[in-house]
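Novice: My request is simple: use the sequences and hints to build the entire structure.
Just so you know, the protein sequences line up as chains A and B, in that order.
43 is the number of the first residue of the first sequence in the numbering used here; add one for each residue after it.
4 is the number of the first residue of the second sequence in the numbering used here; add one for each residue after it.
Source of the hints: derived by calculation from the structure; they are not laboratory data.
Fair warning: there could be bad hints in the mix.
[Unchecked claim] Okay, derived cross-link-like pairs now, EDC-like style, lysine to aspartate or glutamate, Cα gap no bigger than 16 Å in a straight line:
{"no.": "1", "chain 1": "A", "residue 1": "K56", "chain 2": "A", "residue 2": "E141"}
{"no.": "2", "chain 1": "A", "residue 1": "K113", "chain 2": "A", "residue 2": "D66"}
{"no.": "3", "chain 1": "B", "residue 1": "K8", "chain 2": "A", "residue 2": "E86"}
{"no.": "4", "chain 1": "A", "residue 1": "K113", "chain 2": "A", "residue 2": "E141"}
{"no.": "5", "chain 1": "A", "residue 1": "K99", "chain 2": "B", "residue 2": "D102"}
{"no.": "6", "chain 1": "A", "residue 1": "K53", "chain 2": "A", "residue 2": "E120"}
Bear in mind that the values here come from a model prediction, so they are computed numbers and not experimental data.
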Amino acid sequence: DTGVSQDPRHKITKRGQNVTFRCDPISEHNRLYWYRQTLGQGPEFLTYFQNEAQLEKSRLLSDRFSAERPKGSFSTLEIQRTEQGDSAMYLCASKQGVEAFFGQGTRLTVV
Amino acid sequence: DQQVKQNSPSLSVQEGRISILNCDYTNSMFDYFLWYKKYPAEGPTFLISISSIKDKNEDGRFTVFLNKSAKHLSLHIVPSQPGDSAVYFCAASLYNNNDMRFGAGTRLTVKP
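Specialist: Structure representation (structure tokens):
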């Protein structure tokens, strides 16, 4: 399988805990994106990497959120001190041209 | 700010008939438009796209029409099949830009 993969698929955490998600993009894609999707809404852009450089961050990305892409390969998204409002599907996508290819997402539930 | 809007949250059509999904946008700077399909428990999958220099793009049963003056695009599926039942998202961006804006999606149900 050479698509975008995300781990874990589901995460349930208690409010205040930290969580980390991983994304493995399509290997030849140098651009990697994180999106968040809540019920009834389309995906919302969070942040973007070109290789290992984080070039853009949405204002949706509070200081509790941090993303990394060491060595320009896989990426991690960490949420510190989770809040119930963080409950959402977190999607990773990679692209080389214009079309983005998405992973299956990580569904986060904060209880 | 919702720059991309899909005003119909759901659409139901009979198998074999045409499905028409609509999308409106407000930012006239957008120059590339995409449609994604999403099944439950999966990420969105790319379906078809169109550049603003065109007004139509066709790929098999799927055709996207772009009306720049009205800031409107539509996706036509002919003939519709039960396997087409999914949520369809419209997205818009500046060419090669990183902030692709999505609509809220339209749930299509194709009845056998």
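Novice: The structure should be examined with respect to each hint, and the outcome stated for every one.
Specialist: How the hints compare with the structure:
With a C-alpha separation of about 36 Å, the suggested pair K56 of chain A and E141 of chain A falls outside the 16 Å cut-off, and the hint is violated. For the hint linking K113 of chain A to D66 of chain A, the alpha-carbon distance of about 12 Å falls within 16 Å, and the restraint holds. As the CA atoms of K8 of chain B and E86 of chain A are separated by approximately 13 Å, the hinted pair is consistent with the 16 Å bound. About 23 Å separates the Cα atoms of K113 of chain A and E141 of chain A, which puts this hinted pair outside 16 Å; it is violated.
Proximity of K99 of chain A to D102 of chain B is assessed by CA-CA distance (about 10 Å); at most 16 Å being required, the pair is judged to hold. With a CA separation close to 12 Å, the supplied pair K53 of chain A and E120 of chain A stays within the 16 Å bound.
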